[in-house]
Structure formats: structure tokens, C-alpha cells
Amino acid sequence: MPAVQETIDAVAEIDVDKYKYGFATEIESEKAPKGLNEDIIRFISAKKEEPEWMLNWRLEAFERWKQMDEPSWARVDYPKIDFQDIYYYAAPKNFEDGPKSLDEVDPELLRTYEKLGIPLKEQEILAGVRRPGEPSPLDDEASDNVYSSGRVAVDAVFDSVSVVTTFKDELAKAGVIFCSISEAIREHPELVQKYLASVVPVTDNYYATLNSAVFTDGSFVYVPEGVRCPMELSTYFRINEINTGQFERTLIIAEKGSYVSYLEGCTAPQRDENQLHAAVVELVAMEDAEIKYSTVQNWYPGDETGKGGIYNFVTKRGDCRGDNSKISWTQVETGSAITWKYPSCILRGDNSQGEFYSIAVSNGAQQVDSGTKMIHLGKNTKSRIISKGISAGRSSNTYRGQVSAHKKAADARNFTQCDSLLIGDQCGAHTVPYIEAKNSTAQFEHEATTSKISDDQLFYCLQRGIPEEEAIALIVNGFVKEVIQALPMEFAVEAQKLISISLEGSVG
Amino acid sequence: MNIQKTAAEETLGFMLPTRRVESFHYTDLRANLKSLGEQAARPEDDATRTMGDSFPRLASDACVLHFYDGHGFERNETLPEGVMVSRDLPDALSADGGADDTIPQINSKITTAGVSIAVAKGKEVTQTIGLAHAHTGAAESIASTRFSITAAEGSTSRFIERQMGRSDANHMTSSAVSLNVQQGAKVEYFIVQQAGVGATHLARLNVTLAQDADLSIFVLNAGGKLVRQEVKIAVNGENANLAIRGVNLVGDNAHIDVTTVLEHNVPHTNAEELFRNVVAGDGHGVFQGQIKVAQPAQKTDAQMACNTLLLTDEGDFSAKPELEIFADDVICAHGATVTDIDDEHMFYMQARGIDQKTARGLLIKAFVDEVVEELEAGEELEEAFTGIIDDWLDANI
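Each protein sequence line maps, in turn, to chains A and B. Here numbering that gives the first Met the number 0 is used: the first residue of the first sequence is 0, the next is one more, and so on. Here numbering that gives the first Met the number 0 is used: the first residue of the second sequence is 0, the next is one more, and so on.
Each hint should be verified, as a subset may be incorrect.
[What the hints assert, rightly or not] Below, simulated SDA-like cross-link-like pairs (lysine to any residue); rule was C-alpha separation at most 25 angstroms, straight line:
| hint | chain 1 | residue 1 | chain 2 | residue 2 |
| --- | --- | --- | --- | --- |
| 1 | A | LYS407 | B | ASP251 |
| 2 | A | LYS378 | B | ASP87 |
| 3 | A | LYS372 | B | LYS356 |
| 4 | A | LYS372 | B | THR336 |
| 5 | A | LYS381 | A | LYS407 |
| 6 | B | LYS356 | B | GLN289 |
| 7 | A | LYS306 | A | GLU481 |
| 8 | B | LYS364 | A | ASP410 |
| 9 | A | LYS378 | A | GLY225 |
| 10 | A | LYS407 | A | GLU289 |
| 11 | A | LYS381 | B | THR336 |
[Claimed, not checked] Computed beta-carbon distance windows for the label pairs:
| hint | chain 1 | residue 1 | chain 2 | residue 2 | range |
| --- | --- | --- | --- | --- | --- |
| 12 | A | LEU473 | B | ALA394 | 40 to 46 angstroms |
| 13 | B | LYS4 | A | ARG74 | 47 to 53 angstroms |
| 14 | B | ALA365 | A | SER453 | 33 to 39 angstroms |
| 15 | A | SER453 | B | LYS4 | 50 to 56 angstroms |
| 16 | A | ASN55 | B | GLN3 | 34 to 40 angstroms |
| 17 | A | ASP455 | B | GLY96 | 37 to 43 angstroms |
| 18 | B | LYS33 | A | ARG63 | 55 to 61 angstroms |
| 19 | A | LYS33 | B | LYS33 | 31 to 37 angstroms |
| 20 | A | LYS79 | B | GLU123 | 54 to 60 angstroms |
Read the hints as simulated data drawn from the structure, not as lab findings. All values derive from a computational prediction rather than experimental measurement. Idealized CB from N, CA, C, for every residue including glycine.
Please work from the sequences and hints to get the whole structure.
Put into C-alpha cells, the structure is as follows:
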């Protein structure tokens, strides 16, 4: 049985105009002139008060980028991007000198956060911004329960700059450095120099190289040896300005025996033009360390005809550098007109583990080409991939993943499961796995299925008096459960909400 | 960018694909095929014939069409009733897929011999039709053939395409076959590749399936140095049924690539695909299997499995099982595994007094023989196939 008529109608009805985060915030902002050239890079570098080495590093990347070609292998289709028609730097004017207290924060921006419904108690957290060094009632309260859960330190990135980072002092007490990458370049150059581009080389790919030349902000996390980061760390990205690109750079280092959980969320206003987002995220896990990286990506997906929306070209890679280290990627992808994203793990250390849990929902005219790479280099390394793709409307949803075992990766193990669910007959679901074994003791298992919601399941629910739309929602929730469970609790709630918004009409 | 053409590219007049071309991701044809060599002369003595005849026959009752070094020879075959053979070279396979169709393009440039075979409407042909290719494999020689086979409405037939050789000198062979299975026809098509260890064998089988057609394909690779066997199937008729099975035995120094593309274009069709691979020495095995389901092809049921035993750390195996699906009411699945022999299985055997080497041999044999059993091709053929597998295992494991 094809999708029931009601479902088809409902799918037809949804337009992505229901995008809940499609407001623009009117804040005076300062922009660099459009276009990309050496002067712009010097301008960005100067704005960030960067040291000479950083500027040279950027300029070198730019030189290399000019010689590279845009990749074309992904199953996505979009008009050629004019890289000279983009603003590479935009900063909310009021924050040029950095926020000193919430009073100085533009009320418009605060309202933005309110509208975003940033997970948790973000409003309280943002309200907790205070003058540096000045005692605040929150301090005492906080010091008592540093290790209590339920609080999140937030680094908010607005267009090109980090506007506010919360709970900094408290984290500092534990020895954790959590700040914007610009600040890290100024304050901790030795760490940045040591680790920047050590996981994603400058010339790794076209967008990573572009990012290296023009990245404007992002987060930096350093967790020292043996420290379990006392709270979840979170970054909120928002592209606000028209025609701006957002190029953030995130670097997370977990020293021996440490643990950190990092959350990332993204939104953008509704605009007719396409906007470019090309981020680079690098994770380094040393011996016995664990990094958990969760993303809820909800960039504006464009309208139902495919007009507007964010081009999301992201390079995310984790390096399990030490023995027994572990990196876990969890992603819920509901937004963006085009997603091109493969969070990967290089399992270098012996006994290291990589995990990838993904839900990719596409609707309207969205195009998703996403997946992961698990590169087994060390002995006894393990990886697990669970990918759930849901396509509706006229969207195209591709899983592309690579699992490889190097000659020396004795006893490497991988389990991959990628399931696709199709809602409506105008969408596409594709699976492109690359399985490469060079070691005889490696054990790789790959399973993939594609189907629609089974009639039996639906019948079972209907028969018990559950209305069809609710039944579909129930089944879809069951379909993605394995991944939702891997998300931190607070995010799980938001993720479920997001999936139902994205599929609104088709899953009730 | 101006790239220096290789000798092979000069001869062919087009560029060969590198790994950057997705369909050649694991087989760099440009790097592996630098020059083409010369067309092998028509063998006038009996040496080639004797060599070809030294390979044991697969089906005792078969009517065999003989090709020696890429040249057709008539040996007074009596064709079964209802089978027509034309000795004119059939048209080249269509090659509008760009770089994806490199092998048909190469074949069209180098082929001088081939036949067209037609099985008449409603005829049930019980005698197996053999297409036997024996290759002397002189250094830098080329031997290539092309076939066009039409199985008319309601007919039943079985074909075995066989490549044989013992040469370890660098030589090239090629085969291009277009197989048209018309409404309600039932066809079995078996490819048995036993080329010499010096052979570069580039082959393509193009198939169209009409309504109610039933096709079983079997590919057995047990030879060659660089082998690329492509199978491209368009399922164009409702209720068509398709099974592709294969055993790839990848020996030391060999690179064997099997690439299949299944296009489901109409509703209500079934496909089942099963490949078992064994990699020994420093062999490189490749399996690329694509299942495409077009928007109108509702109710497609397509299953694919690819299991590999990688026996050494020097060898490698790469698999790319792809699904490309545009219809919502389908059941499609693929599974792929790569592993060594299960320790528990070994223990079970050894606990029963079977020595390690024998136990290993038995388990490998069981792993691939299973595919042959599924063919239900009759005792004689199954034994012939397992015999080839046994010989290979004895020589390589």
C-alpha cells in the first residue's frame, strides 16, 4: 500500500514556511565588505586581534584554496556559489568590545534567544552573565553544586562572533577552558598552535580550506588530564545577517582520562537567498579520554519550492589519538537546504572506540548527503554506526559512509545499520556505504534497509483506536529511538520536537 | 588541465577512468591499463584448440561455440532446435553512460569477432549453449568478443560463457554481451572466468528483462590478474524475477572487481543478489552493487548480500553496496560482511580431530559452495562449478 491519502495531502500541505526560527533580528551590525580577498582576511584577523602567525596561517590557506576545485561527488544539486558575493564578516555592533554584562547586551538579541527557545534554562544562563570578577549570587549557588547536572555552559555565536560565553569562571575552577576560539588564539596560543588543523588538515577539502582562511569564530574547549567536565558545554550558532557566510571553527581537546559532553545547536532566519555555512570541527581525545559531541542542526531549510535556505558544508572529525579513547557523534539533522556533512572518527589508539548516531530528516526540497567515516588504524578498535534517514516531500536523503580497516588494525570491529523511511512517493532515499578491509581479523557488518511505514504496524495501531496521524508519529518515533536515546536528555526532548515540526502534517 | 595521454588512451582515443570516477573508485583503470598491445592473430595450428580442450567440459551435452584468441571457429556444431546463430559481428553495446561505460567503449574499439544468437518463441531448449573462449595469451596480445542474445517470448534456455587460459604473460581479453530476455522467457546465464594469471579481462553483460521474464545469473571468477566484470540489468517488465549470484576467488596478485547495476523501472519486480568472496595472498577484491528503484517501480523487492572471507593481512576487500530509491512502497535491503573464518567454527572442527589446515579448507569450501547449491543448475553443472572452486582452493590456500 502506498502512503495513505491523508498523509499525502498532509505532506503537500506542509511547507517549510512553518519554520519556527525564521525571524530576523534587527540589530545594527558591522560588516566587512562583500567578497573574498587577502584584504578581507587581514581585516578579519585584525578585528580578532590575532597574532601574526594566525594571519599567515590564514593567508596560506587562502592561497591553497584558490587552487582547489569545489567537490562534486555528493548527491546534491545547487547553483554555483559565487564566493565573491558573500559577506565574510558580520558582527553585532554593540558587542564589538565584547559583552561585559547582560545590561549591555542588546535587548533585541536577548529576545532572539527567547524566540530560539534554546534548550534548558538558557534564559537564566544568559541572565547569569555578569561583570568579570564581580561576585554574583549565582556564584555561591553554583559553587555548592558545581557537579550537579541540568546546567549548561553556553557559547553563543551570532553571525561571525561569539557574543557571550557563560559559566566561564565555574569551569575555570575545574580547570576546563571554554571560550571562543578567537579568545583562545589570544589567550592560549600554545594550545591552539599545537592542535589546530591537526585533525582536519588545512587542505583537507575545499570547504575546510575556505574555513581555515576566513573562519570568524567558534568554540574552544580544553579539558585537562583526569577532569570530568562538570557540566554540558553548548554552543548556539545563528546566522542573522543577509548574505553572510558563517565559518565557525571548533576545537575540543580532552586530555588523558578526561570527559566532556558538548552540544551544538544552529538556527537561521528565513530568507530568500541561500546562505553558506562552512564549519570545521576538530576533536582530539587522548588516552582514556571520552568526547561526546551532539548536534541539533536546524538551519533554515528554504521554502517548499527550494528557494532560500542554508548550504551546510561541514567538516567534522574526531581523532582518538590515545589508547582506550572514545569519541561519540550524535546528530539530529532537520534543517538546511543542502547538507554535506560526514562527522568522522580516526581510531588511532589501540582499543579506541568511535560511535555515530544520526537522524536525518528531509522534507520539502531539502537535499541531505550525510554519513560518517570510521577509519580503524589501531588494534582492537571498535566502531558503531546507526543512521536513520527519513525522507518526505520532494527531498533527497543520502547516507554516505566509509568504514575502513588498516593493515595493522587487528581485530577491528564495525557494525553499521542504516535504515531509511520514505514518506510519500516523490522523495528519494539512498545508501552509499564504502567498506574497505585490509586486515584479515577485522570484522565488518553492514546492514541497510529502505521501506515505508509497514502496513502491519499501522494496522495494529489503528485497530487499537489510535488515529492515523498519531500512529505514524508513534512509528516514526520508534524508528529513530535508538538515536534519540544516545542524545543528552535535554537535547532528546528538543530533538523529538524538531522531528515532529519537520515532518508536520506527514506525521502529525 | 592537460594530462599526458597514456599509450592505451592514444590507441583508444578517449581517456580512461581513474579512481576519481565513482564507478571505478576501487579499480584505477588508467593506472592499470597503460598500453593495449596488438590484436592476436588467428591461430592456424592446433595448439590453442588443444589448450582450450584441455579444460574439462562443464556440461557434457552442451552445444559449444568456440572462440580462439578472439577469433570464431566453426567445428560442425549441431545447433539445438529453435536456436539460430548468425556469425556477423553484432552491434556494439550502447555506451551513453560516459565513463561508466568505459568497458563497452573499449570492447567496441577492439572486437572483431562475435555472434548473434536467437532462441525462438516458445522453445524449450534443454541443451546448454556454450560460448567457449580459449586464450593463448601471447605477451601484449588482445582477444575480444561480442555477443547479442535474444530469448524470445516464452522460451527457455541456458548459456555458459567461459574464459580459459594459462598464460602468465601480460595480455588482455574482453567480452561484451547484450542479453534480451523477452516476455515470459526463462534464461540461465553462467559466466565462468578461468583466464591465465597474466590476463586483464574486461567484461560487460547488459540485460533487459521484459514482463514475467525470469533470469538467473551466476558469475564465477577463478582466474585473471586484473578482472572487471560488469553486469547491468534493466528490469523493464512487471513481475520479472531476477537472481544474480557469484563466487569471486581472488588469488595472490589478482585484482578482481565485480560491479553490478540493477535498475528497477516498473512495479512488482523481484531481485535477489548474493556474492561470496574469498581473498588469498595479496589479492584485491572489489564488489560494487547498485540497486536503483525508479519512481514508478512500486512494490519492488530487492535484496542484496555480499559476504567476504579475507584470509590474509596482505590482501584487501572493498565493498560498496548502494541503494538509490525513489519509490516509497518498496522493500530493499543490503548486507555486507567482511571477516576471517570464525574461531568457533574452527574449534568445533578441530575438537573433532580435523587438523587446522583441513578444517580451514572445509570451512572456506562450505562458504562458497553454498552459492553454487542455490543455483539449482543440476548435479552435473554444480559438480563442475565446485570442481573449479576446489582446484582453485587447492592451488591458492
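Checked hints:
| no. | hint | result |
| --- | --- | --- |
| 1 | A/LYS407 to B/ASP251 | holds, 19 angstroms |
| 2 | A/LYS378 to B/ASP87 | violated, 58 angstroms |
| 3 | A/LYS372 to B/LYS356 | violated, 36 angstroms |
| 4 | A/LYS372 to B/THR336 | holds, 17 angstroms |
| 5 | A/LYS381 to A/LYS407 | holds, 14 angstroms |
| 6 | B/LYS356 to B/GLN289 | violated, 36 angstroms |
| 7 | A/LYS306 to A/GLU481 | violated, 33 angstroms |
| 8 | B/LYS364 to A/ASP410 | holds, 23 angstroms |
| 9 | A/LYS378 to A/GLY225 | holds, 24 angstroms |
| 10 | A/LYS407 to A/GLU289 | holds, 23 angstroms |
| 11 | A/LYS381 to B/THR336 | holds, 15 angstroms |
| 12 | A/LEU473 to B/ALA394: 40 to 46 angstroms | violated, 58 angstroms |
| 13 | B/LYS4 to A/ARG74: 47 to 53 angstroms | violated, 31 angstroms |
| 14 | B/ALA365 to A/SER453: 33 to 39 angstroms | holds, 35 angstroms |
| 15 | A/SER453 to B/LYS4: 50 to 56 angstroms | holds, 54 angstroms |
| 16 | A/ASN55 to B/GLN3: 34 to 40 angstroms | holds, 36 angstroms |
| 17 | A/ASP455 to B/GLY96: 37 to 43 angstroms | holds, 39 angstroms |
| 18 | B/LYS33 to A/ARG63: 55 to 61 angstroms | violated, 31 angstroms |
| 19 | A/LYS33 to B/LYS33: 31 to 37 angstroms | violated, 48 angstroms |
| 20 | A/LYS79 to B/GLU123: 54 to 60 angstroms | holds, 58 angstroms |
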